[in-house]
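S.K.: Letter by letter, the chains look like this.
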Amino acid sequence: MPSKLKPEELKGELLKAYPAKVARKREKQIIVNKHTGEAANGLPTTPEILSNSRTIPGILTMRGCAYAGCKGVVLGPTRDILHIIHGPIGCSYYAWLTRRNQTRPKTDDDPNYMTYCFSTDMQEENIIYGGEKKLRQAVEEAIAIFKPKALDIFSTCPVGLIGDDIHAVAREMEAKYPDVNIFAFSCEGYKGVSQSAGHHIANNKVFTDVIGLGDSPKTGKYRLNLLGEYNIGGDAFEIERIFEKCGITLQGTFSGNSTYDEFINAHHVDLNLVMCHRSINYMADMMERKYGIPWFKVNFVGADATAKSLRHIAAYYNDDELTQRIEDVIAEEMAAIKEAQAKYRPRCEGKTAVLFVGGSRAHHYQELFRELGMDTIASGYEFAHRDDYEGRHVLPKIKVDADSRNIEELEVTADPVLYKQRLTDEDKAALLDKGIEMNGYEGMMPEMGEGKLIIDDLNHHEAEVLIEKVKPAIFGAGVKEKYVIQKSGVPLKQLHSYDYSGPYAGFKGAANFYEEIDRLVNATPWKLVKAPWQESPELNASYAYVG
Amino acid sequence: MLLRHTKPDNGVEREALVINPAKTCQPIGAMYAALGIHNCMPHSHGSQGCCAYHRSMLTRHFKEPVMAATSSFTEGASVFGGQANLLEALGNIFSVYNPDIVAVHTTCLSETIGDDVAQITSKAIESGKVPEGKRVIYASTPSYAGSHVTGFANMVKGMVDGLAGKTGTTQNTVNIIPGFVEPSDMEEIKRISAEMGVKTIVFPDTSGVLNGPMTGKFHMYPSGGATIEQLAATGDSKATLALGPVASAPAAKALDVKFKVPCEVIELPIGITATDRFVDALHRLAGVNVPELINRERGQLLDVMTDMHQYTYGKKVAIAGDPDHIVPLVEFLIDLDMKPIHVVTGTPGKAIPKRLEKALERVGRDVNVKVPGDLFQLHQWIKAEPVDLIIGNTHCKYIARDEDTPLLRLGFPIIDRVGHQYFPTLGYKGGLRLLEKILGILMDRQDRDAPEEAFELVM
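From first to last, the protein sequence lines are chains A and B. Heads up, the first sequence is in our numbering, so the first residue is 1 and it goes up one at a time. Heads up, the second sequence is in our numbering, so the first residue is 1 and it goes up one at a time.
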């Protein structure tokens, strides 16, 4: 049911209840989309949106913390690095298997620590007298029991405050156990303004302490890494299947279904693909500067987007054999997609969606809804930056504030031995002509129609107003929002955990998603909200004689 | 194998490393308790990640909206103190969400930097951030002490500290503090009390908050919860009955110390013996007779216990859970002639091993007990001596699958099944539900494993 309100009026409704100071800030984070000019990649430029900005205290936010971004998102999906969380028990406990990153060890003996939760369970005396000793001992115990090849340490809020030097502990322990790569992340929850800070911290340390250590990459003619795909619900498995069918060698995924060995050899490939731009663009940039590995943005959410991304890979390698094979795969896979679309599109077409999730998904998932004939009428990210909204061309214009300045920006230079230039400026220009912008990401807003509402860091109050005013057929968000929205009679699709189903990436994932959305928007129980006596609550004077 | 690295004995005496915890941190318990006050907004004074994690976990457990706000600390707040954040938060919460009360709990972050929430709250009131007639209560819940159960206890005590009063006229009411249990359990406590004709104030009370109906309309503050008036009146009650020493005793004792309301602390009414104690305590404290209906419910539970005894007799059980749950649970299992042989709780506390020891006296064999212990330890024991049944929260499903041992989900969190929100495990009716589940699980297993010639039609 599209709203009768004009977008500006709807924006006014969203802001109405706020105290002046809150309204002033939110006003800059709620933008009616406009196409204002043209960027170098030919896409429209859009208005500026305030993002990656402090959450307002007391306003019910969807956001989490830096630790969640570092341990939960980026490192969590790697199965054979043993993750010790240094802090009181909670942070380790909450990030234990809850993100549904699937993993598939090759044999029954291969290490897999993802089902385990490791914590130093800091007690009051550790807070008062320091926790380094306990951490040191915890590392020793973990090594004695599990014998991992790599072990990492994550700090939680109080660790930073009491001044435990987790990096010194890591160095000391590595000196004692030289066979184990031990490194640490200062990802205290208070850093930055959201999960986003944690992504950056994770990228930095993996880049300095893990990447580049190996010398036994996978072999193949077309070798690449997939960055920013976390294998929730088996998405990475589906992408792996497609790559294999195309003859592409996937050296490593950062970090769905990944291993330590895949990481240490990741610098040998010729291309990095960036899926979730927000969480991993730092890694792509640093690997390009140090090793000369070019990157471009892909999207494997949506059948058309998957096909487009595969074609971009073919264009990059510029090889007839690969191009032909990819075209064959697309043709073969698309047959089933067309069938699924014919079945589900008529049942979903014309309905509306709103998407408030992540730092990429609110953009990526619009593809799948489009394929079902559904319009995404409002959308926004939980923890993204301006470049994820407006495109990377705004990067030079983004002001670095105090919260971002605290997150280290690494100085990276070309490796004297391992740097190899893969593309000349002419190659890049030629690729741009084919629609492939190296180091580019167009962002969400240029691809969304004018008049659509873009809302950064959507909060509970605004979600409630949106439901009341535009009542979308489906709401895409996370678990905290799930039952809030559903109590209002609108189905919510969890786009972090997928409601414990999936995959939704690639071709098979697209077909899964069509069926899932049909299930949700046409579910029978939603039609039973009113009991018969509630439909006509007035008692009627007449009565039916049953004789 | 899901937990492929777990061996019966790895030759390492762990002292520092917790693996697969059987507890989580205080603030989540405080948030849950605060949801048991009507028209209340729980508030987490710390980084927003704490609040996000707690809301997510409670949402997964209840499959219900869990509303709570946060001070959203930044690095600056962590260095200079969180006062400005909390003041701003309180102003925003009252103007945007309009609760009657905000219940603030601390986190390891705000505790480590030494924020004085009492002082900040006074300042909020002085500076007009708290509108006339609205209330703010608080509890200190550092994550580096105790567990989620302790956090619950501290917030319940915070309700007494912040709201309870005394008019001088003692009312004919009994306060019941139900402990860290399900909304369905709180409802059952109220039903049993009402059946017995006892006027009660049950607090906190999450029934009607975290097991609400689908009506097509979202209510930020659902119909349930103990009201501020009820909480204020707890000081006038003639007695307090605290269910579960860890979760409920601190508030009960505070009422005793501050308002001379005498308290009795008993185990949670799980199973027949513990429910007998509960009913008997109500009978004594309120001076009421036990009605026939309650005798009948007791009789029905006992009837099934005797009828189906052959299926429970001698069965070995491994248990992980919160202290207030596992003590009466162990008693119930022993009443069924089952053998609890491995027992862990993640919650620390000097009195807990003694309570367990007493409850386990009648087992008639050595029992592995660890307080505080973790699920890795429990799994190792199960590998060394297998059991017929595991009782614990959802995390135990990994052990259950690896060891091909059935699991009864009980406690917190249960994030992969529903039912706990709606059907109690407390009281005689709850005992019957527990027993039905235990029998169903054990007998399904017997049916699955029986040779064809021994496959029974009648059991």
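Since the hints were made in silico from the structure, they are not lab data. Every residue gets a Cβ at the ideal spot worked out from N, C-alpha and C, and that includes glycine. Any given hint could turn out to be false.
[Said to hold, decoys possible] Chain B regions said to be covered by chain A (calculated; three or more residues, Cβ under 8 Å): (1) 14-22; (2) 353-360; (3) 436-448.
[Unchecked claim] Taking lysine-lysine and the BS3-like style, the derived pairs with C-alpha atoms no more than 25 Å apart in a straight line are: (4) A:Lys469 <-> A:Lys308; (5) B:Lys190 <-> A:Lys530; (6) B:Lys7 <-> B:Lys258; (7) B:Lys260 <-> A:Lys21; (8) A:Lys11 <-> B:Lys217; (9) A:Lys16 <-> B:Lys7; (10) B:Lys316 <-> B:Lys190; (11) A:Lys149 <-> B:Lys190; (12) A:Lys106 <-> A:Lys133; (13) B:Lys316 <-> A:Lys147; (14) A:Lys106 <-> B:Lys7; (15) B:Lys258 <-> B:Lys238; (16) A:Lys25 <-> A:Lys397; (17) B:Lys238 <-> A:Lys16; (18) A:Lys527 <-> B:Lys63; (19) A:Lys34 <-> A:Lys527; (20) A:Lys147 <-> B:Lys63; (21) A:Lys527 <-> A:Lys6; (22) A:Lys28 <-> A:Lys397; (23) A:Lys133 <-> A:Lys176; (24) B:Lys134 <-> A:Lys21; (25) A:Lys471 <-> B:Lys7; (26) A:Lys4 <-> A:Lys399; (27) A:Lys133 <-> B:Lys370; (28) A:Lys106 <-> B:Lys429; (29) B:Lys397 <-> A:Lys527; (30) B:Lys217 <-> A:Lys530; (31) A:Lys471 <-> B:Lys190; (32) B:Lys217 <-> A:Lys351; (33) B:Lys123 <-> B:Lys190; (34) B:Lys258 <-> A:Lys4; (35) A:Lys469 <-> B:Lys217.
S.K.: None of the hints should be skipped; say for each whether it holds.
M.R.: Hints, verified against the model:
{"no.": "1", "hint": "14-22", "in the structure": "holds (count 8)"}
{"no.": "2", "hint": "353-360", "in the structure": "violated (count 0)"}
{"no.": "3", "hint": "436-448", "in the structure": "violated (count 0)"}
{"no.": "4", "hint": "A:Lys469 <-> A:Lys308", "in the structure": "violated, 36 Å"}
{"no.": "5", "hint": "B:Lys190 <-> A:Lys530", "in the structure": "violated, 29 Å"}
{"no.": "6", "hint": "B:Lys7 <-> B:Lys258", "in the structure": "violated, 52 Å"}
{"no.": "7", "hint": "B:Lys260 <-> A:Lys21", "in the structure": "violated, 47 Å"}
{"no.": "8", "hint": "A:Lys11 <-> B:Lys217", "in the structure": "holds, 22 Å"}
{"no.": "9", "hint": "A:Lys16 <-> B:Lys7", "in the structure": "violated, 60 Å"}
{"no.": "10", "hint": "B:Lys316 <-> B:Lys190", "in the structure": "violated, 34 Å"}
{"no.": "11", "hint": "A:Lys149 <-> B:Lys190", "in the structure": "violated, 55 Å"}
{"no.": "12", "hint": "A:Lys106 <-> A:Lys133", "in the structure": "violated, 36 Å"}
{"no.": "13", "hint": "B:Lys316 <-> A:Lys147", "in the structure": "violated, 33 Å"}
{"no.": "14", "hint": "A:Lys106 <-> B:Lys7", "in the structure": "holds, 21 Å"}
{"no.": "15", "hint": "B:Lys258 <-> B:Lys238", "in the structure": "holds, 14 Å"}
{"no.": "16", "hint": "A:Lys25 <-> A:Lys397", "in the structure": "holds, 19 Å"}
{"no.": "17", "hint": "B:Lys238 <-> A:Lys16", "in the structure": "violated, 48 Å"}
{"no.": "18", "hint": "A:Lys527 <-> B:Lys63", "in the structure": "holds, 20 Å"}
{"no.": "19", "hint": "A:Lys34 <-> A:Lys527", "in the structure": "violated, 37 Å"}
{"no.": "20", "hint": "A:Lys147 <-> B:Lys63", "in the structure": "violated, 39 Å"}
{"no.": "21", "hint": "A:Lys527 <-> A:Lys6", "in the structure": "violated, 29 Å"}
{"no.": "22", "hint": "A:Lys28 <-> A:Lys397", "in the structure": "holds, 16 Å"}
{"no.": "23", "hint": "A:Lys133 <-> A:Lys176", "in the structure": "holds, 15 Å"}
{"no.": "24", "hint": "B:Lys134 <-> A:Lys21", "in the structure": "holds, 22 Å"}
{"no.": "25", "hint": "A:Lys471 <-> B:Lys7", "in the structure": "violated, 53 Å"}
{"no.": "26", "hint": "A:Lys4 <-> A:Lys399", "in the structure": "violated, 37 Å"}
{"no.": "27", "hint": "A:Lys133 <-> B:Lys370", "in the structure": "holds, 23 Å"}
{"no.": "28", "hint": "A:Lys106 <-> B:Lys429", "in the structure": "violated, 48 Å"}
{"no.": "29", "hint": "B:Lys397 <-> A:Lys527", "in the structure": "violated, 35 Å"}
{"no.": "30", "hint": "B:Lys217 <-> A:Lys530", "in the structure": "holds, 11 Å"}
{"no.": "31", "hint": "A:Lys471 <-> B:Lys190", "in the structure": "violated, 38 Å"}
{"no.": "32", "hint": "B:Lys217 <-> A:Lys351", "in the structure": "holds, 21 Å"}
{"no.": "33", "hint": "B:Lys123 <-> B:Lys190", "in the structure": "violated, 38 Å"}
{"no.": "34", "hint": "B:Lys258 <-> A:Lys4", "in the structure": "violated, 58 Å"}
{"no.": "35", "hint": "A:Lys469 <-> B:Lys217", "in the structure": "holds, 14 Å"}
Checked against the numbered hints above, the structure violates hints 2, 3, 4, 5, 6, 7, 9, 10, 11, 12, 13, 17, 19, 20, 21, 25, 26, 28, 29, 31, 33, 34; every other hint is satisfied.
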